[in-house]
Amino acid sequence: MRVNFTVNGPPQEADDVWEGESLLYVLRERMGLPGSKNACEQGECGSCTVRLDGVPVCACLVAAGQVEGRDVVTVEGLADFAKQREEHGGCASAGSGARGASGAPEASGTPGTSLDEARGWAAKGTDSGTGEGDELSPIQQAFIDAGAVQCGFCTPGLLVTADEMLERNPSPSDADIREALSGNLCRCTGYEKILDAVRLAAARQSEAV
Amino acid sequence: MATTGTPTDITQGSRTKGGIGESTLRPDGTLKVTGEFAYSSDMWHEDMLWGHTLRSTVAHAEIRSIDTAEALATPGVYAVLTHDDLPTEVKRYGLEFQDTPVLAHGKVRHHGEPVAIVAADHPETARRAAAKIRIDYADLPVVTDEASATAEGAPLVHEHRDDHHADHVPHPNIVHRQPIVRGDADRAAERADVIVSGEYVFGMQDQAFLGPESGLAVPGEDGGVDLYVATQWLHSDLRQIAPVLGLPEEKVRMTLSGVGGAFGGREDLSMQIHACLLALRTGKPVKIVYNRFESFFGHVHRHPAKLWYEHGATKDGKLTHLKCRIVLDGGAYASASPAVVGNASSLSVGPYVVEDVDIEALALYTNNPPCGAMRGFGAVQACFAYEAQMDKLAARLDMDPVEFRRLNAMEQGTLLPTGQRVDSPAPVAELLRRVKARPMPPERQWLTAGEAADVRALPGGLSNTTHGEGVVRGVGYAVGIKNVGFSEGFDDYSTARVRMEVVGGEPVVTVHTAMAEVGQGGVTVHAQIARTELGVAQVTIQPADTRVGSAGSTSASRQTYVTGGAVKNTCEHVREQVLEIGRAKFGTYHPAWATAELLLESGKVVTDGGEVLADLVDVLESESVDLELRWRHRPTEAFDLRTGQGNGHVQYSFAAHRAVVEVDTELGLVKVIELAVAQDVGKALNPLSVLGQIQGGTTQGLGVAVMEEIIVDPRTAKVRNPSFTDYLIPTILDTPTIPVDVLELADEHAPYGLRGIGEAPTLSSTPAVLAAIRDATGLELNRTPVRPEHLTGT
Chain A
1 MRVNFTVNGP
11 PQEADDVWEG
21 ESLLYVLRER
31 MGLPGSKNAC
41 EQGECGSCTV
51 RLDGVPVCAC
61 LVAAGQVEGR
71 DVVTVEGLAD
81 FAKQREEHGG
91 CASAGSGARG
101 ASGAPEASGT
111 PGTSLDEARG
121 WAAKGTDSGT
131 GEGDELSPIQ
141 QAFIDAGAVQ
151 CGFCTPGLLV
161 TADEMLERNP
171 SPSDADIREA
181 LSGNLCRCTG
191 YEKILDAVRL
201 AAARQSEAV
Chain B
1 MATTGTPTDI
11 TQGSRTKGGI
21 GESTLRPDGT
31 LKVTGEFAYS
41 SDMWHEDMLW
51 GHTLRSTVAH
61 AEIRSIDTAE
71 ALATPGVYAV
81 LTHDDLPTEV
91 KRYGLEFQDT
101 PVLAHGKVRH
111 HGEPVAIVAA
121 DHPETARRAA
131 AKIRIDYADL
141 PVVTDEASAT
151 AEGAPLVHEH
161 RDDHHADHVP
171 HPNIVHRQPI
181 VRGDADRAAE
191 RADVIVSGEY
201 VFGMQDQAFL
211 GPESGLAVPG
221 EDGGVDLYVA
231 TQWLHSDLRQ
241 IAPVLGLPEE
251 KVRMTLSGVG
261 GAFGGREDLS
271 MQIHACLLAL
281 RTGKPVKIVY
291 NRFESFFGHV
301 HRHPAKLWYE
311 HGATKDGKLT
321 HLKCRIVLDG
331 GAYASASPAV
341 VGNASSLSVG
351 PYVVEDVDIE
361 ALALYTNNPP
371 CGAMRGFGAV
381 QACFAYEAQM
391 DKLAARLDMD
401 PVEFRRLNAM
411 EQGTLLPTGQ
421 RVDSPAPVAE
431 LLRRVKARPM
441 PPERQWLTAG
451 EAADVRALPG
461 GLSNTTHGEG
471 VVRGVGYAVG
481 IKNVGFSEGF
491 DDYSTARVRM
501 EVVGGEPVVT
511 VHTAMAEVGQ
521 GGVTVHAQIA
531 RTELGVAQVT
541 IQPADTRVGS
551 AGSTSASRQT
561 YVTGGAVKNT
571 CEHVREQVLE
581 IGRAKFGTYH
591 PAWATAELLL
601 ESGKVVTDGG
611 EVLADLVDVL
621 ESESVDLELR
631 WRHRPTEAFD
641 LRTGQGNGHV
651 QYSFAAHRAV
661 VEVDTELGLV
671 KVIELAVAQD
681 VGKALNPLSV
691 LGQIQGGTTQ
701 GLGVAVMEEI
711 IVDPRTAKVR
721 NPSFTDYLIP
731 TILDTPTIPV
741 DVLELADEHA
751 PYGLRGIGEA
761 PTLSSTPAVL
771 AAIRDATGLE
781 LNRTPVRPEH
791 LTGT
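Residue numbers (the UniProt record's numbering), protein chains in the order written: chain A, 1 to 209; chain B, 1 to 794.
Among the hints, erroneous ones may be present.
Derived DMTMM-like pairs: lysine to aspartate or glutamate, alpha-carbon spacing no greater than 25 Å straight-line [to be verified]:
#	chain 1	residue 1	chain 2	residue 2
1	B	Lys132	A	Glu19
2	B	Lys284	A	Asp16
3	A	Lys83	B	Glu36
4	B	Lys318	B	Glu430
The calculated label-pair distances, taken between Cβ atoms and stated as ranges, are [said to hold, decoys possible]:
#	chain 1	residue 1	chain 2	residue 2	range
5	B	Leu447	A	Ser206	24 to 30 Å
6	B	Leu447	A	Val55	30 to 36 Å
7	B	Asp67	A	Val55	44 to 50 Å
For the record, the hints were derived by calculation from the structure and aren't laboratory data.
We treat Cβ as the ideally placed atom computed from N, Cα and C, and that holds for glycine.
Go ahead and model the full structure; you've got the sequences and the hints to work with.
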């Protein structure tokens, strides 16, 4: 079958798709977008998280045919997506797609992390890293700065999830962060640096406003 | 032909020095956050086929026949291979014993053993074709534990053993046995005022790395093959792959693809040979990617173990003796079992002074899933048992558990049961003191100001099972000892190639090793070492491949020590050659060229007094210095097979934990509130990465304390939970705050004084959590992981 949908903005057409293929397979093997990861392919690990019409979903659990006419954002498009959101006053959308179904931003139980605290967690790195000149979204930059990336296999899914959470809840408590990221498994970090990264991104975001 | 996803050089510039001791950022960080980093499952090649592995559905059976005709006739299928199709006389492989068939021959020995492989133009076509292969199995009786494996008339897992341990083991179903006898444990026991003993059980843990086993084999025009794969040791793979393919090693060109975690689970081969066989047979590139279900069968696990321990102590709290017996289940193939036995026995005493010991460790051959390397490697199981014993002894003596440990803690100079002296800092007591001195997390921490209980902070979490009723807090301590590097006389070298030249008017350094970067940050550290030693800002790390000499394994907490040491060593030689060039050119202009200690800093040759003698750009001009050198740590010795004596280890690594848990005693649910760690790292080459290793290792220890276990049916030896739905690893909600206290006590024998760090935090985490649960519940809990029914008695 043929599937038409947008990926990170422009419309795409996938041909010869077998009906049993997942969105994840189509992205990775047919569209040349392997950033969404295939760690469990059973909806347990969150490594393949993408946004489908703005809602974070496990791409492995979405049949390719289900995305017909819809808008997909993957980690490859996250920087552009975040930039667009910033330019449109904090209200990004994936093409014409509707916003997430989660409704109003949640109130957080405890206040978010202050920028000073978050700075304390940021690495005192002096390297600019590779891909100099690559424009990164704030959450991507924070993951690098805070040391939240080790093997990196969980990273794309966590970035998409965390970015969506910060969109809904710009000053999350630690408990909010843990709850929002609880569907994304990481085997390397013990999550501490991932928490640091999200706190850092939130703090930088609040400073920028 | 186009290939995408092949690794490329990673260049890292630096505005300032960026040398060792700084938390420089990962050179692959940007690629990893943009989704561009090419993992082994991301490889794509024009005209590529997909491979699929058919695995046994039974644990132990004779294969009467295999019929592949229908599979082969399936449209889109290019090849179906079984044992009969293997191209040479070499049909088995293995890390230490060559006991593992590439494809099952005549019988299968465990559930999930590869029997046939298929190549097709779509992964689903390959899967469906594999399902059409008909195998006639005749079931054989299974052996699943020590009693059944060594019973009279027990079926032998391997009938004709020809390995180097076959002659000394007491039974053919025992892979290797290592006793350690020192002093006289029976006599020493007479001095004991209290004696405690226990039988402990450690469940089968999975590495559960997130990147599945995968890779791409591309047939070459010369009859060879290019293999892109995620592994822990390229050259070990190569040594096992080439003979089976009937190719000389130089015709099997291996390149490391992006590795999505390893933790020991990629020491053994998985899809490597299969992909090469299919590629060579079809003449087309073949990609194999396991899904999570298959991954649980595609790699070895941590040995489950039964451990019997007896300790004595005098009433003033001094240990008198240790008797212990550790039985590790190695499953159907040897993998790393012999080395795991060596570790378990030699580290069975823990970081304590015990002069009189009677120790025995062994690994079994059974029909359970093969077990081998996982982070902590034999020392993990022992630590679980000896730390439970320490708490029992302290309780019997009415002493504080930390004080009791402190009284018996080893230190620099202590003689181990193997007769080896600990000749670098061993701050066991200090690590315990530090975790104990930390302030406690607040009581009833689930009550946030002015609100109802936050269930996310309670046992049961979002399941909303308690708002604090029935919840009891407990605190537990543990400390462990892990060896660093390959032990027992292994020639544990690494190789580094370093090139210095001028590019675009700037001195640049290229580092090339075969080190497997599996997420630990070795590539970050190599660039830091090169900057420190050669004083340049710009360092390029080349992809790891087999065009350069072996780096040894990314295992045993060894890579920063050994390949880091190799990079340092080659850099030092490059520096000497650069200075020679400088002396030849400029020596006559300044006497310091001949007389002073010279360094390379910020792109210049300087004296140790800081005087600038020349720019590296002017020294090198169009010349380059390019060296590839091997480097070794000091040699070790084998353990005596009868007494266990020998200087078997290179270095030790120590960590201590304090766990604070809250237990819902009615439902048997545990919430770990905090897991504080203190660890001596010798020298933190990259402090941020050090924290990441310690926190990650701690979390894997937490996992096997309260949730992670591969369940194998004792009747059928079949795996019952090969999925992330049924095999649970900690989520961010299960993982507590992990405060870390890092000590840097230099080991004078090691490069920069560093200590291998990756594994030690995995050891003491588990027993600390168990001790805390015991403290909360008063239960004995001699088994890990703890399940709710163990706490409620239901």
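Each hint, compared with the structure:
no.: 1; hint: B/Lys132 <-> A/Glu19; verdict: holds, 21 Å
no.: 2; hint: B/Lys284 <-> A/Asp16; verdict: holds, 21 Å
no.: 3; hint: A/Lys83 <-> B/Glu36; verdict: holds, 19 Å
no.: 4; hint: B/Lys318 <-> B/Glu430; verdict: holds, 18 Å
no.: 5; hint: B/Leu447 <-> A/Ser206: 24 to 30 Å; verdict: holds, 27 Å
no.: 6; hint: B/Leu447 <-> A/Val55: 30 to 36 Å; verdict: holds, 33 Å
no.: 7; hint: B/Asp67 <-> A/Val55: 44 to 50 Å; verdict: holds, 47 Å
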